[in-house]
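Novice: Take a look at the letters that make up each chain.
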Amino acid sequence: MDAEVSLRVDGTDHRVTVDTRTTLLDALRERLGNTSPKKGCDHGQCGACTILLEGRRVNSCLALAVAHDGAEIVTAAGLAPDGELHPMQRCFIQYDAFQCGYCTPGQVVSAVAMLREAEAGWPSAVTLDGVAAGDGSRARLDADEIRERMSGNLCRCAAYANIVPAIEELARR
Amino acid sequence: MRPFRYARADDVTGAVALLAESPDGAFLGGGTNLVDLMKLDVATPDLLVDVRRLTSDQVEELPDGGIRIGAATPNSDLAAHPLVRSRYPVLSQALLSGASGQLRNLATAGGNLLQRTRCVYFQNVTTPCNKREPGTGCPAIDGHHRELAILGASPECVATHPSDFAVALVALDATVHTEGPDGGRRIPITELHRLPGGEPHRDTVLAHGELITAIEVPPLAFATRSRYRKVRDRASYAFALVSVAAAVDMTDGIVRDVRIALGGVAPKPWRASRAEELLRGGPAREDRFRAAAEAELAEAVPLPGNAFKVPLARNTLTRTLLDLVDGPA
Chain X
1 MDAEVSLRVD GTDHRVTVDT RTTLLDALRE RLGNTSPKKG CDHGQCGACT ILLEGRRVNS
61 CLALAVAHDG AEIVTAAGLA PDGELHPMQR CFIQYDAFQC GYCTPGQVVS AVAMLREAEA
121 GWPSAVTLDG VAAGDGSRAR LDADEIRERM SGNLCRCAAY ANIVPAIEEL ARR
Chain G
1 MRPFRYARAD DVTGAVALLA ESPDGAFLGG GTNLVDLMKL DVATPDLLVD VRRLTSDQVE
61 ELPDGGIRIG AATPNSDLAA HPLVRSRYPV LSQALLSGAS GQLRNLATAG GNLLQRTRCV
121 YFQNVTTPCN KREPGTGCPA IDGHHRELAI LGASPECVAT HPSDFAVALV ALDATVHTEG
181 PDGGRRIPIT ELHRLPGGEP HRDTVLAHGE LITAIEVPPL AFATRSRYRK VRDRASYAFA
241 LVSVAAAVDM TDGIVRDVRI ALGGVAPKPW RASRAEELLR GGPAREDRFR AAAEAELAEA
301 VPLPGNAFKV PLARNTLTRT LLDLVDGPA
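These protein sequence lines map, in sequence, to chains X and G.
Residue 143 in UniProt numbering sits at position 143 of the first sequence, and the numbers go up by one each step.
Residue 157 in UniProt numbering sits at position 157 of the second sequence, and the numbers go up by one each step.
Incorrect hints may appear among the rest.
[Said to hold, decoys possible] Below, computed lysine to any residue pairings styled on SDA-like, alpha-carbon distance capped at 20 Å: (1) G:Lys39 - X:Asp19; (2) X:Lys39 - X:Met1; (3) X:Lys39 - G:Lys39; (4) G:Lys39 - X:Ala77; (5) X:Lys39 - G:Asp50; (6) G:Lys39 - X:Glu30; (7) G:Lys39 - X:Arg29; (8) G:Lys39 - X:Ala3; (9) G:Lys39 - X:Asp26; (10) G:Lys39 - X:Arg21; (11) G:Lys39 - X:Thr20; (12) G:Lys39 - X:Ala161; (13) G:Lys39 - X:Met1; (14) X:Lys39 - X:Leu79; (15) X:Lys39 - G:Leu40; (16) G:Lys39 - X:Asp42; (17) X:Lys39 - X:Tyr102; (18) G:Lys39 - G:Arg53; (19) G:Lys39 - X:Arg156; (20) G:Lys39 - X:His43; (21) X:Lys39 - X:Arg56; (22) X:Lys39 - X:Arg156; (23) G:Lys39 - G:Ile141; (24) X:Lys39 - X:Gly83; (25) G:Lys39 - X:Gly40.
Derived from the structure by calculation, the hints contain no laboratory data.
Just chain X, with the same shape it has in the complex (with noise of 0.2 Å):
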């Protein structure tokens, strides 16, 4: 059954018509042609089709297009509008934080969210006794805390031991 949605992505008003099964993550790709985001798992397992959302980081493969008629949309293509990287790509780029380069625009995009979101003063796992204290001041980031917010996102040729330095390279900032 088909439905038509609106949705604004990195910027670019869209007026589509999707079947209702088909995820964000498919109407970016297959109809709109932004192929920014990837397809890894399909089952929100992976983060590699991650972007953002209003603002916030979600696996695309798990929302329906339908559900998020006029939504606001960011992917990793969107984060450098004309060419002009983010400061969170030059990070991945300076600290050689991919091989094969396949799960980056999930990685870059929840690094993005992950640091305002720590910026707002979001606990985590391992943040244990900033939990009760709940001050709401922004979390100090060291390689444990971004591990553990990063967890969402695989990356099976494990460059992880460069991804988590070029993500604490821009906390540092």
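Chain X is already provided as a structure; the job is to place chain G on it using the hints.
Specialist: Quick look at chain G alone, frame taken from chain X:
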């Protein structure tokens, strides 16, 4: 994925009415579990009624000092909420120990309680499963059951309930508010999920078309001293082998009151009432904690592949209580 119709309603009453007309329909919240199960053909609704905008997505403070959680509240907002963090740290910790940052942003509080088991046979339509298809059998009992139940299971089903959040809510005696075709009701969270018995396809006591609208957590002063400890195969982003939600009220080395629930060991979040009873009024000592844990697990019926969960649950419970009485108030 099977074709389905998608519908929205103006309010909760409208959504309930829409689903009442569709015996094979389902409510759609964040979709993180349902959409996945639809891709696997495990869930085959012919209608999805989107309820994400129909209930509150906020945490409110109640006059008695408790909180009311709107069913549409994302798991991430709930875990980060100052009232939840300060009054019920066990709730924040349980939420943060589950899923990933991306999933917690989509998943809702109400949906978290209704997620289905991750038993591999339930998720695989090429195998029999009494929970997915009643009467077809349970291959887990003689097959792969390392993650499955040691308490409360039946010869029909040994699945575990996967939620961390629900385990913490059970320890805190929360109440679930629902609206259904026959009106509204309040269900103690300890009675929301059911043991499989001969009907493992029914995870909860909810009727078809009954929608969770809110979750209320009553005031519990000593919950400021509470903790969720989760043991799993990976350090992050994995379901519990065993988990413990606990809160302790201790004065002068005596356990005045205590709340304990176990996760990963049963078809529902397991309130450890027997252990609580043994601990109340006694000294806060390791040997007492261990004895209480052993008493709670005395009726465990482990399978060959998950017998390790009995000592693991005993040790995790003992350690969690020790952390609580040794740690800062």
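Novice: Would you mind marking each hint as holding or not holding in the structure?
Specialist: Comparing the hints with the structure gives:
| no. | hint | result |
| --- | --- | --- |
| 1 | G:Lys39 - X:Asp19 | holds, 14 Å |
| 2 | X:Lys39 - X:Met1 | violated, 23 Å |
| 3 | X:Lys39 - G:Lys39 | holds, 14 Å |
| 4 | G:Lys39 - X:Ala77 | violated, 27 Å |
| 5 | X:Lys39 - G:Asp50 | violated, 25 Å |
| 6 | G:Lys39 - X:Glu30 | holds, 17 Å |
| 7 | G:Lys39 - X:Arg29 | holds, 18 Å |
| 8 | G:Lys39 - X:Ala3 | holds, 19 Å |
| 9 | G:Lys39 - X:Asp26 | holds, 13 Å |
| 10 | G:Lys39 - X:Arg21 | holds, 9 Å |
| 11 | G:Lys39 - X:Thr20 | holds, 13 Å |
| 12 | G:Lys39 - X:Ala161 | violated, 33 Å |
| 13 | G:Lys39 - X:Met1 | holds, 16 Å |
| 14 | X:Lys39 - X:Leu79 | holds, 19 Å |
| 15 | X:Lys39 - G:Leu40 | holds, 16 Å |
| 16 | G:Lys39 - X:Asp42 | holds, 9 Å |
| 17 | X:Lys39 - X:Tyr102 | holds, 9 Å |
| 18 | G:Lys39 - G:Arg53 | violated, 24 Å |
| 19 | G:Lys39 - X:Arg156 | violated, 23 Å |
| 20 | G:Lys39 - X:His43 | holds, 8 Å |
| 21 | X:Lys39 - X:Arg56 | holds, 19 Å |
| 22 | X:Lys39 - X:Arg156 | holds, 14 Å |
| 23 | G:Lys39 - G:Ile141 | violated, 26 Å |
| 24 | X:Lys39 - X:Gly83 | violated, 23 Å |
| 25 | G:Lys39 - X:Gly40 | holds, 14 Å |
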